[in-house]
Amino acid sequence: MDKDFLGYPLEIQKIAFKRQISVQVHLNSTIKVTAGKLVTQKQILSFLENHKSWIEEIQHNNQKLRRQYPIKKFIEGEEFPYLGNGL
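Counting from 1, position 24 in the sequence shown corresponds to residue 24 in my numbering; the numbering is continuous, with no gaps.
Just so you know, these hints were derived from the structure itself, not from any lab.
These numbers come from a predicted model, not from an experiment.
Certain hints may be false.
Stated by the list, open to error - Only pairs whose alpha carbons sit at most 25 Å apart, straight line, appear in this in silico BS3-like list of lysine-lysine:
no., residue 1, residue 2
1, Lys64, Lys37
2, Lys3, Lys42
3, Lys32, Lys64
4, Lys18, Lys52
5, Lys64, Lys42
6, Lys64, Lys52
To be verified - Each pair of labels, with its calculated beta carbon distance range:
no., residue 1, residue 2, range
7, Gly77, Gln13, 36 to 44 Å
8, Ile15, Arg67, 29 to 37 Å
9, Phe17, Leu83, 42 to 50 Å
10, Leu83, Lys52, 40 to 48 Å
Glycine residues also receive a C-beta, built at the ideal position from the N, C-alpha and C atoms.
The task is simple: from the sequences and hints, build the whole structure.
Below is the structure:
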């Protein structure tokens with residue numbers, strides 16, 4: 001049941017006996033929703049729509065972090081800060 005929401009990857013996990021819906025926004029832009037087995041996809045999408053502004057704010061902050069701290073590739077000549085020095 002993997003889809004996308006607002007153009008970001010959406011991962012839905014159903015857990016038995018879970019009473020509420022929870023959402024996590026990961027640094028790699030993935031949105032993970034955890035819900036009970038009886039929760040419908042329509043209820044999940046409604047929940048996401050209700051929290052749309054929060055999700056967009058977190059995604060925006062994550063984009064800034066990814067630009068500020070790019071993934072290191074460990075290639076020759078790449079600089080790493082050490083004790084506040086470098087870069």
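Hints, one by one, checked against the model:
Between the alpha carbons of Lys64 and Lys37 the distance comes to roughly 35 Å, so the proposed pair goes past 25 Å and is violated. Taken as a hint, the Lys3 and Lys42 pair is honoured in the structure, with Cα atoms around 13 Å apart against an allowance of 25 Å. Distance check on the hinted pair: Lys32 and Lys64 sit about 20 Å apart at the alpha-carbon level, within 25 Å; holds. Restraint check for Lys18 and Lys52: the C-alpha separation of about 22 Å stays at or below 25 Å, so the hint holds.
For the proposed pair Lys64 and Lys42, the alpha carbon gap of about 31 Å is over 25 Å, so the pair is violated. For the hint pairing Lys64 with Lys52, the CA-to-CA distance comes to about 19 Å; that is within 25 Å, so the pair holds. In this structure the supplied range 36 to 44 Å holds for Gly77 paired with Gln13, their Cβ-Cβ distance being about 41 Å. About 34 Å separates the C-beta atoms of Ile15 and Arg67, a value consistent with the hinted range of 29 to 37 Å.
Distance hint check for Phe17 and Leu83: the Cβ-Cβ separation is about 49 Å, which falls inside the suggested range of 42 to 50 Å. Between Leu83 and Lys52 the CB atoms are about 42 Å apart, so this pair conforms to the stated range of 40 to 48 Å.
Hints 1 and 5, counting from the list given before, are not met by this structure.
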